[in-house]
Amino acid sequence: MKLKESLEKKRFVVTSEVQAPLDESPDQLVKSLELIRGRMDGVTIPEIQIEGIVSDTIKVCELLNENRFDAIYQTTTRDKNRIQLQKDLLRAHNSGVENLLVFTEDYRITGDSLQEMMFFHVDAGKLQSVLQHMREGRTVDGHEIGKATDFVVGSGVESGWGKDVPDLELKEMEALAEIGVGYFLSTPVFDVDQFARFLKQVDTFGIPVIAEVMILRTAGMARFLNRHIKSGMVPEWLIKKLAEAPDKEKASIEIFADTVKGLKDLCQGVHIITIGGEEKLRYYLDAATLR
Amino acid sequence: MIRSITRKKSEEEIDRLLSGLGRIFLIGCGTCVTLTRTGGAPEVAQMKEQLTEKGKLVTGSTVLPVACDNLTGETLREFGPQMDLADALLVMTCAFGVQTVARQMKTMVVPALDTLFIGKETGPGRFDEVCTQCGTCIIGETGGICPVTTCHKGLVNGPCGGTDNGKCEIDPEKDCAWTLIYNRLKELDRLDSMRVLQKPRNHQGEPRPGKIAFG
Numbered sequence: 001m002k003l004k005e006s007l008e009k010k011r012f013v014v015t016s017e018v019q020a021p022l023d024e025s026p027d028q029l030v031k032s033l034e035l036i037r038g039r040m041d042g043v044t045i046p047e048i049q050i051e052g053i054v055s056d057t058i059k060v061c062e063l064l065n066e067n068r069f070d071a072i073y074q075t076t077t078r079d080k081n082r083i084q085l086q087k088d089l090l091r092a093h094n095s096g097v098e099n100l101l102v103f104t105e106d107y108r109i110t111g112d113s114l115q116e117m118m119f120f121h122v123d124a125g126k127l128q129s130v131l132q133h134m135r136e137g138r139t140v141d142g143h144e145i146g147k148a149t150d151f152v153v154g155s156g157v158e159s160g161w162g163k164d165v166p167d168l169e170l171k172e173m174e175a176l177a178e179i180g181v182g183y184f185l186s187t188p189v190f191d192v193d194q195f196a197r198f199l200k201q202v203d204t205f206g207i208p209v210i211a212e213v214m215i216l217r218t219a220g221m222a223r224f225l226n227r228h229i230k231s232g233m234v235p236e237w238l239i240k241k242l243a244e245a246p247d248k249e250k251a252s253i254e255i256f257a258d259t260v261k262g263l264k265d266l267c268q269g270v271h272i273i274t275i276g277g278e279e280k281l282r283y284y285l286d287a288a289t290l291r
Numbered sequence: 001m002i003r004s005i006t007r008k009k010s011e012e013e014i015d016r017l018l019s020g021l022g023r024i025f026l027i028g029c030g031t032c033v034t035l036t037r038t039g040g041a042p043e044v045a046q047m048k049e050q051l052t053e054k055g056k057l058v059t060g061s062t063v064l065p066v067a068c069d070n071l072t073g074e075t076l077r078e079f080g081p082q083m084d085l086a087d088a089l090l091v092m093t094c095a096f097g098v099q100t101v102a103r104q105m106k107t108m109v110v111p112a113l114d115t116l117f118i119g120k121e122t123g124p125g126r127f128d129e130v131c132t133q134c135g136t137c138i139i140g141e142t143g144g145i146c147p148v149t150t151c152h153k154g155l156v157n158g159p160c161g162g163t164d165n166g167k168c169e170i171d172p173e174k175d176c177a178w179t180l181i182y183n184r185l186k187e188l189d190r191l192d193s194m195r196v197l198q199k200p201r202n203h204q205g206e207p208r209p210g211k212i213a214f215g
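Protein sequence lines correspond, in order, to chains A and B. Start counting the first sequence at 1; every next residue gets the next number (the numbering used here). Start counting the second sequence at 1; every next residue gets the next number (the numbering used here).
Treat the hints with caution; some may be incorrect.
[Claimed, not checked] Here are the in silico distance ranges between beta carbons for each label pair: (1) S25(A) / D192(B): 37 to 47 angstroms; (2) T132(B) / D112(A): 23 to 33 angstroms; (3) Y107(A) / R7(B): 19 to 29 angstroms; (4) S113(A) / T132(B): 19 to 29 angstroms.
[To be verified] Quick look at which bits of chain B chain A covers, simulated, 3 or more residues with Cβ under 8 angstroms: (5) 160-173; (6) 189-196; (7) 200-214.
Keep in mind the hints are simulated off the structure, nothing from the lab. Keep in mind that this is a model prediction, so the values were computed, not measured. Built from N, CA and C at the ideal position, the CB exists for glycine as well.
Start from the sequences and build out the full structure, keeping to the hints where you can.
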């Protein structure tokens, strides 16, 4: 089932992220996705990874669609100006990509070309300011492009707040709902109770919320997130569990399964970030009884 | 008061820029760089020591009152013989000063500082960048706070996910511009202006280099 249909039918959506590989044949990627065929509603292919550049994302989207995996083109406005952005959106649309996931994207802290300028000419949620033109078959400058270019758009929301969600965040979600976002994607959820408090507090305006779940393999990885992404993002008890576990993989799978089980009654799906190791994803899905 | 904010270049870079140049004349400035302690009299004296230790001959030095003033050339000509002896002028001012000197003197100029931004003094020794002179001012809609400058990402349509309890993801010492704007608009009972979807920004408000002549 395609992502759009799953969202409309209010199924518990499962999506995952894979990397457009620089150093291997994309066919290998398809082979590892075959291991989880039928268990995903969509697969996101980001344009940038923490290490730096990746291969041709749109081409990989095309390949996944050909192989009947509903591709979600994940783009950012950090590394391109509006000319390149429109060009990429058009190319993705022409290639048959139906889904888009957009982030403003973090300040670049790792990977290649740290000294390169960052654009942010359009911010992610309001990428709609570009899309609304393209949806009507025009560029932002009003030139006809011959056809309507539209996508199911997922947009990131900051869900790290417990119950004290600032008005500012609420306003942001309201604005995104008004401009027609297809679903909200949360920031990574490690503490289900905190996420529950966030959801209780916010009005999601009927827009489905998909929780991002990052597969933590080691305590070091968790500490990296806390140090570089956001302090306190991964709770200490979780880091301790991973650090002390004699079998790290087993602990990692358990943590994932517990998180997903907790989310099933809270929101409309999960977006799984594997950070490599796609071939092992099925064991995580099994443990969390995701189809 | 606004000031040109500078930072001393690394010793390695200065060494590289002065490589093969044995005789140096030093120029500081009595205005911004004196205030920021990057090119006032004490820093010029320190630089003289640094260069002498490295075997350079400092032919002379001066701290100009205002290096970016058009009178700079006239002032410097008083040091004619000392400057004539020099292979290069090491200029410890902001880039405005360096370029003023470069335009008026025939000797090669070498900057000793990097110019970071035009800063608004917010307290003793504290400066904030509040305007980048983009030529398309939108602060009439953002409570008088510029998101183009104050938001690291220059976002004009509300905050990104990196806002963290009123601070910015890139530096906990820096305020989140959109939290400041939100609070200000709330105070003014003008939160509705945050709902207006700003079009993609005009990045060519004043194509570089800016140049104007008032009649």
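| message | Flag every earlier hint the structure violates by its number, smallest first. | response | 1
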